[in-house]
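K.L.:
Read off the chains here:
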Amino acid sequence: MPKPIRISTPPPTFEKMARSLRIPKTRQKELFAWAEEAWRRVDAEDQTRAKIKADPQEMPKNASAAD
Amino acid sequence: MPQPPIDLNAVFLNIPYDEEFRSLYIAYIVGLYQLDLVPHLASEIPGGERRLNRILDRIKSCRYSIHDLSRVEMSAAPPATPRFNMPLELGMTITWAKLYPKRHTWFLWESTPRRLQKSMSDLDGTDPYIHSGTVEGVLSELRNAFWREDAPPVKRMLQAYRIVESNVEDAFSRAGTRNLYAKSVFKELCRYSLVLAEWNRRMKQKGPTA
Chain W
60 MPKPIRISTP PPTFEKMARS LRIPKTRQKE LFAWAEEAWR RVDAEDQTRA KIKADPQEMP
120 KNASAAD
Chain H
-12 MPQPPIDLNA VFLNIPYDEE FRSLYIAYIV GLYQLDLVPH LASEIPGGER RLNRILDRIK
48 SCRYSIHDLS RVEMSAAPPA TPRFNMPLEL GMTITWAKLY PKRHTWFLWE STPRRLQKSM
108 SDLDGTDPYI HSGTVEGVLS ELRNAFWRED APPVKRMLQA YRIVESNVED AFSRAGTRNL
168 YAKSVFKELC RYSLVLAEWN RRMKQKGPTA
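Residue numbers (our numbering), protein chains in the order written: chain W, 60 to 126; chain H, -12 to 197.
Hints in this document: simulated from the structure, not taken from any laboratory.
Yeah, the Cβ is synthetic: ideal placement off N, Cα and C, and Gly gets one too.
Wrong hints could be hidden among the right ones.
Footprint (simulated), chain H over chain W, 3 or more residues, beta carbon under 8 Å [claimed, not checked]:
{"hint": "1", "stretch": "71 to 77"}
{"hint": "2", "stretch": "105 to 116"}
One-sided and incomplete, this derived list gives chain H residues near chain W with beta-carbon spacing under 7 Å [said to hold, decoys possible]:
{"hint": "3", "residue": "L(-5)"}
{"hint": "4", "residue": "Y4"}
{"hint": "5", "residue": "F8"}
{"hint": "6", "residue": "S30"}
{"hint": "7", "residue": "E31"}
{"hint": "8", "residue": "I32"}
{"hint": "9", "residue": "G124"}
{"hint": "10", "residue": "S127"}
{"hint": "11", "residue": "R135"}
{"hint": "12", "residue": "Q146"}
{"hint": "13", "residue": "I150"}
{"hint": "14", "residue": "V155"}
{"hint": "15", "residue": "F159"}
{"hint": "16", "residue": "C177"}
{"hint": "17", "residue": "R178"}
{"hint": "18", "residue": "L183"}
Below 25 Å or equal to it, Euclidean Cα-Cα: the simulated PhoX-like pairs (lysine-lysine) are [as the list claims (entries may be wrong)]:
{"hint": "19", "chain 1": "H", "residue 1": "K105", "chain 2": "W", "residue 2": "K75"}
{"hint": "20", "chain 1": "W", "residue 1": "K75", "chain 2": "H", "residue 2": "K193"}
{"hint": "21", "chain 1": "W", "residue 1": "K110", "chain 2": "H", "residue 2": "K142"}
{"hint": "22", "chain 1": "H", "residue 1": "K85", "chain 2": "W", "residue 2": "K75"}
{"hint": "23", "chain 1": "H", "residue 1": "K174", "chain 2": "W", "residue 2": "K75"}
{"hint": "24", "chain 1": "W", "residue 1": "K84", "chain 2": "H", "residue 2": "K142"}
Hey, can you work out the whole structure from these sequences and the hints?
P.N.:
As structure tokens, then:
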């Protein structure tokens, strides 16, 4: 088993990383709105999947067996 | 001779630039941002100077490097030729880290445990991280290699991967190219990955809202 490296250096600030990636303020706003929606969507998908796994009878009516 | 400053959170990715590697490439980018690290590629480096010099300069500026040798194999297109770029860059890195061990740490990654012993027996005694050719393998091994107390769970990292993967087409259209490894596409993938990681961090700081 390789030896892990313990990362203790504080992470660079978001502002610093956004500057190095050249993300202007307006794009940052867009990206945060996108991220919020994307996280919400994957959380919802995973919850649905978990429910179906726990109780296959609960499969939503619009979901086909091939899904 | 004075050495260039090192970026303590920077990780140089020595990986194959091919379509078959697509999902693992995205997993490396997403996973490193999830761990507050910043990936770098040779393709980011502007032209001008000799390519090898530019790659070495990039390696020297990064505190860490990952050398994924899982696709060191014969090319499919004739004439069948082994791919030597990754071992070459690994060799340069090993020399650099031998000279300046406090400035650089390198990691080897493979798809199966025994391949390395066969392909590079000189590296006997070096344990590679084994990703088994899967996204989950890359993410969980990244978490093992770069240990942070507050690292997100692999499940969350996998979700971030799914989000970025589903936005690759958008990255292509923003970058104006369908070359996944082009600097402009790489930067787009970095932007998505950074903001997803930052959004998580902010939510964690806020705590549960209910």
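K.L.:
Now tell me, hint by hint, if it's right for this structure.
P.N.:
Going through the hints against the structure:
A stretch counts as covered by a chain when three or more of its residues have a beta carbon under 8 Å from one of that chain; for the stretch 71 to 77 of chain W and chain H the count is 4, and the coverage holds. Figure legend: the stretch 105 to 116 of chain W, annotated as covered by chain H; annotation inconsistent (1 residues with Cβ-Cβ distances under 8 Å, at least 3 required). Hint status for L(-5) of chain H: holds, given a least beta-carbon distance of 5 Å to chain W, under 7 Å. Violation of the interface hint for Y4 of chain H is found here, the shortest Cβ-Cβ separation to chain W being roughly 20 Å, above the 7 Å cut-off.
Using the Cβ-Cβ criterion of 7 Å, the hint placing F8 of chain H at the interface with chain W is not satisfied: the shortest such distance is roughly 21 Å. Given the 7 Å rule on beta carbons, the hint for S30 of chain H is violated: about 15 Å separates it from the nearest Cβ of chain W. Checking E31 of chain H against chain W: minimum C-beta separation of about 11 Å lies over 7 Å; hint violated. Annotation: I32 of chain H was flagged as interfacial toward chain W, and the flag is violated, the nearest CB pair being 14 Å apart, outside 7 Å.
About 14 Å separates the beta-carbon of G124 of chain H from the nearest beta-carbon of chain W, more than 7 Å, and the hint is not met. The beta carbon of S127 of chain H is not positioned within 7 Å of any beta carbon in chain W (closest approach about 12 Å), and the interface hint is therefore violated. Against a cut-off of 7 Å between C-beta atoms, the interface hint on R135 of chain H holds, since the closest Cβ of chain W lies about 5 Å away. Given the 7 Å rule on beta carbons, the hint for Q146 of chain H holds: about 5 Å separates it from the nearest Cβ of chain W.
With its C-beta approaching chain W no nearer than about 4 Å, I150 of chain H sits inside the 7 Å limit, and its interface hint holds. The interface hint given for V155 of chain H is violated, since its Cβ lies 13 Å from the closest Cβ of chain W, which is over the 7 Å cut-off. For F159 of chain H, the interface hint is violated, the least distance from its beta-carbon to any beta-carbon of chain W being 16 Å, above 7 Å. Hint status for C177 of chain H relative to chain W: holds, with the closest Cβ pair at about 6 Å, below 7 Å.
Taking 7 Å as the C-beta contact cut-off toward chain W, the hint placing R178 of chain H at the interface holds, the least distance being around 5 Å. Hint status for L183 of chain H relative to chain W: holds, with the closest Cβ pair at about 5 Å, below 7 Å. A C-alpha spacing of about 43 Å is found between K105 of chain H and K75 of chain W, which places the hinted pair above 25 Å, so the restraint is violated. Straight-line distance between C-alpha atoms of K75 of chain W and K193 of chain H comes to about 21 Å, which keeps the hinted pair within the 25 Å bound.
Taking the CA atoms of K110 of chain W and K142 of chain H, the gap is near 17 Å; set against the 25 Å cutoff, the hint holds. Between K85 of chain H and K75 of chain W the CA atoms are separated by roughly 31 Å; this puts the pair beyond 25 Å, and the hint is violated. Of the supplied pair hints, the one linking K174 of chain H and K75 of chain W holds, its CA atoms being roughly 15 Å apart against a limit of 25 Å. Between K84 of chain W and K142 of chain H the CA atoms are separated by roughly 30 Å; this puts the pair beyond 25 Å, and the hint is violated.
When the structure is compared with the earlier hints, violations turn up for hints 2, 4, 5, 6, 7, 8, 9, 10, 14, 15, 19, 22 and 24 and for no others.
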